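Protein chains: 2
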Amino acid sequence: MADSPPVPGIVGAGQLARMTYQAGISLGLTVRLLAGSPDESAARIARDVVVGAPTSAPDLAAFVAGCDVLTFDHELVDAGHLAALERAGHCLRPGADTVALAQNKRRQRVELSEHGFPVPPFRVPADLATIERFAAEHGWPVVLKAVQGGYDGRGVWVVNDAATAAALVRDLPGGAGNLLVEAWVPIEREVAALVARRPGGQTASYPVVETVQVDGICHEVLAPAPIEPGLTAEAQRLGLAIAEAIGVTGILAVELFVAGGRLLVNELATRPHNSGHYSIEGCVTSQFENHLRAVLDWPLGDPSLVVPAVATVNVLGRSTFDPRVFLPQALEVPGVHVHLYDKPARAGRKLGHVTATGHDPAEARARARRAADLLAAEGGA
Amino acid sequence: MADSPPVPGIVGAGQLARMTYQAGISLGLTVRLLAGSPDESAARIARDVVVGAPTSAPDLAAFVAGCDVLTFDHELVDAGHLAALERAGHCLRPGADTVALAQNKRRQRVELSEHGFPVPPFRVPADLATIERFAAEHGWPVVLKAVQGGYDGRGVWVVNDAATAAALVRDLPGGAGNLLVEAWVPIEREVAALVARRPGGQTASYPVVETVQVDGICHEVLAPAPIEPGLTAEAQRLGLAIAEAIGVTGILAVELFVAGGRLLVNELATRPHNSGHYSIEGCVTSQFENHLRAVLDWPLGDPSLVVPAVATVNVLGRSTFDPRVFLPQALEVPGVHVHLYDKPARAGRKLGHVTATGHDPAEARARARRAADLLAAEGGA
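So the sequences go chain by chain: V and L. Sequential numbering from 5 applies to the first sequence in this note's numbering. Sequential numbering from 5 applies to the second sequence in this note's numbering.
Derived from the structure by calculation, the hints contain no laboratory data. Note that the structure is predicted; figures quoted are calculated from it, not measured.
Among chain V residues calculated to face chain L with C-beta under 8 Å, some are: (1) Arg297; (2) Pro338; (3) Leu344.
Beyond 10 Å from chain L on every Cβ pair, some chain V residues (computed): (4) Arg110; (5) Arg174; (6) Gly205; (7) Pro233; (8) Glu248.
Even glycine gets a Cβ: it sits at the ideal position worked out from N, Cα and C.
With the rest of the complex left out, here is chain V (with noise of 0.2 Å):
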């Protein structure tokens, strides 16, 4: 390293790269922001924050020029865009042509599939006739997603019958060319398995955990998942695997059903994911210090739990009632952790998490689901 420190840049400003950039105060770096706004959660606490459009070729490029290294806090960007930084010099962690994966969920089916991974059955383009087909074959109800944009559960439709399908086709801006057809599979849970991974291939492996979703969204991460050892090695097997298929540079989500007593890949995030949030205080290296270890090609830090248990419980807005309201009341919760982002409440809006580690997977969630409930509270809990 030169006199002064590497400058990792990071397109985007939200609570990712905030957890990101508070990892990075401790290894004494200063993370650069491409921000849409200066009052973004992360550009909030952030020094170098740029303005500007993650979709805007220009903006990249003026961003990436103060940047060692580009990584990213979400997948809405333009993948050409990232290509033509990659042809200019630049070094992007993850690589355009993995972002591009990471955004588009035909693709990752498409690959995963060939790749050999176990995916739910699916046929693409989603075109009327195709569904059709596809759900005399499978049977109803089938699910029905955006290739592109989907996230906390917008995006993805389950749908009984022939009409809805129609009607849904009808009314989705790009049409059937910008869906995907799934069969619907009975879900017995969802886990998930974090990898970090280096340039060079070496990788830390995250202990595996189930994600509970309430209506497509991660209402609570629970830390080791409560499955039986031989799935969990399975799911880490997978993760791994997929790390290195796909080329991955930083961190890797492997969002995992558990259907039938096996694993179906569901979907991956190729940055920190919430799914992984746990790790601050869960684990001796966090998913956000080992993000920037990787695309840094600085050596990984030790994913495994520090403790036997720890959930963590999102802080969901209920509406635009601010949950700091009752941040008091929370902290009184013995022992929890609390991330709040610093975001204008909205129904629905991933506005903070709270973590509890025990010995005692059931007290630790019991725990953490009241201080978050608290927060949430709206007019007391």
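The hints should help you fit chain L onto chain V, whose structure is shown.
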């Protein structure tokens, strides 16, 4: 709390402010800083930095106008200015009088002694005749201490005879009026008791730690201190009693000597302290988060250890060699937490610290040392 979170302001922008800022991010806060320059450790990562002199009344007044509560990274302020701010209605935590006590070793000795807390025999003022009479009574060597401005071993002299004392008194700016004379006590160990206290009196008492000093500079902190339970209990009792006696708000660090099997108070610091850095990974709630919670009058977090043993080793500059050159090597050491302050290197300067947690105190200490030695290696270790 209103629509926006409270704004704590810190006077000073060193590593204590840096780590307090980092803790504030979790709580949804953007801490404001008064920095001597935009290049100071905390200023390099903070969004709201006001550049000004902490010794300037107008700079302080301008700064505090944008803060809901004022707290401190160091004691190098003018207590008169602080008292004026309090009279003008600003909220200072700790208060002006507590800061005045923290910055004045003579006042500390006199007041602690009047409260009945155990301190080494001392006398003030330390003019030459007093020093000689004191030495006749207690024996040479004696310890001379600058009343104000000393830290990290500066401003403390062990003096073996009257001639050396005379030379020191003659050469010291301010002369004997700026000195205090103390009996030299054969120190077996140094320990520290750390307490967080809210304005209303709620306290959280951290585990007692051993501070391993070399030439008056803290090199290592070991938690819990390897001393007998009776001494640990007594150190905690002293920490809590002194916090109450001086009415501190925020963190109080009480540095103690173990001498002749009993405890003597050495010095107080009324802010987060080097002896508490281990709490970031070693305790449920770090000293930095609890300092913020205390000065904001929010419920305090649990100060208990999360592991049986924690060791912190300071990264002390040997020259102008930048410790970051060997950061990747240091990160190879398993399970260590590296904290770098992003300060220019200089011999004897605290540039960072490394914390390791574990079940075996000696093993954790060895790991933390290995990484800290690598960082300070200057050409390889």
